[in-house]
Amino acid sequence: MAVEPGKAMASKSMSIIVTKGSLDWAYPPFILATTAAAMGLDVTMFFTFYGLPLLLKKLDLQLSPLGNPAMKMPMGGMHMGMPNIASMIPGIDGIASTMMTNLMKKKGVASIEELRTAAVESDVRLIACQMTMDLFEYTLKDMIEGPELGGAATYIEVATKSDINLFI
Amino acid sequence: MADQTVDAKGLNCPLPILRAKKALKDLAPGKTLEVLATDPGAVKDFQAFCRTTGNDLVESTTEGNVFRFLIRRVE
Chain R
18 MAVEPGKAMA SKSMSIIVTK GSLDWAYPPF ILATTAAAMG LDVTMFFTFY GLPLLLKKLD
78 LQLSPLGNPA MKMPMGGMHM GMPNIASMIP GIDGIASTMM TNLMKKKGVA SIEELRTAAV
138 ESDVRLIACQ MTMDLFEYTL KDMIEGPELG GAATYIEVAT KSDINLFI
Chain Y
78 MADQTVDAKG LNCPLPILRA KKALKDLAPG KTLEVLATDP GAVKDFQAFC RTTGNDLVES
138 TTEGNVFRFL IRRVE
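Just so you know, the sequences run in chain order R and Y.
Anchor point for the first sequence: position 160 equals 177 in the working numbering, and the numbering is continuous, going up by one each time.
Anchor point for the second sequence: position 9 equals 86 in the working numbering, and the numbering is continuous, going up by one each time.
To be clear, the hints were calculated from the coordinates, so they are not data collected in a lab.
Among these hints, one or two may not hold up.
[Said to hold, decoys possible] 30 Å max Cα-Cα, derived DSS-like pairs, lysine-lysine:
1. Y/K99 with R/K74
2. Y/K121 with R/K122
3. Y/K86 with R/K122
4. R/K89 with Y/K121
5. Y/K121 with R/K29
6. Y/K102 with R/K124
7. R/K37 with Y/K99
8. Y/K121 with R/K37
9. R/K158 with R/K75
10. Y/K86 with R/K123
11. R/K37 with R/K122
12. R/K124 with Y/K99
13. R/K74 with Y/K108
14. R/K123 with Y/K102
15. R/K178 with Y/K102
16. R/K123 with Y/K99
17. Y/K121 with Y/K99
18. Y/K102 with R/K122
19. Y/K121 with R/K158
20. R/K124 with Y/K121
21. R/K124 with Y/K86
22. R/K29 with Y/K99
23. R/K123 with Y/K121
24. R/K89 with Y/K108
25. Y/K86 with Y/K99
26. R/K75 with Y/K86
27. R/K178 with Y/K99
28. Y/K108 with R/K29
29. Y/K121 with R/K178
30. R/K37 with R/K75
31. R/K178 with R/K123
32. Y/K102 with Y/K121
33. R/K89 with Y/K86
34. Y/K99 with R/K75
35. R/K89 with R/K122
Build out the structure end to end from the sequences listed, making use of the hints.
This is the structure we're talking about:
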């Protein structure tokens, strides 16, 4: 969809359903949303189930190596996975999360807070799933400024008009 | 000589693009933006960014491990 220099592309649009709220899974939706917005697309993010807490004012993102054999961290020139049984040790998820956060900082990867701010500043439309809000007992007061409430029909209306629809 | 420079060295995807976009927004049409990056993925990404947004990628060069992009704001 290359455009001739000098001609801005006719406005395209993208929607993303955000269903996962762990430290690692929070990245793909925010990276794609902010990049698409930077490239001139109208972007909508619909936060549901475990994706909803990504809108909370204070984020405390964690990840778990449990049941994730693909998670191998670079360590002294090698790549180390963590056996599932290690997840029985109290605090291991916290340690793994801190390791990942430090690694990301070292490699110049943006924090989720930074990407989320960029999304808000670039007018990405944020929709918080009303049903999930009720289910997990959140109100808009718990959330950052910006999200609106909506349900499945609200999302479907957006999706019917979007060029790209992703489920993450 | 570019009208403005964004130093995105050491930053990883998608930050070089986001920083460039932020700077381009405040640039008058016809003015140029220089972006410095060390992320090797930025080479293809700035081509795609410029193709999609209609901005002009005037130069894309490499010096050592630093990639330099010169973008002219068009819209």
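When the hints from earlier in the document are held up against this structure, which numbers fail? Violated hints: 13, 19, 24, 31; rest satisfied.
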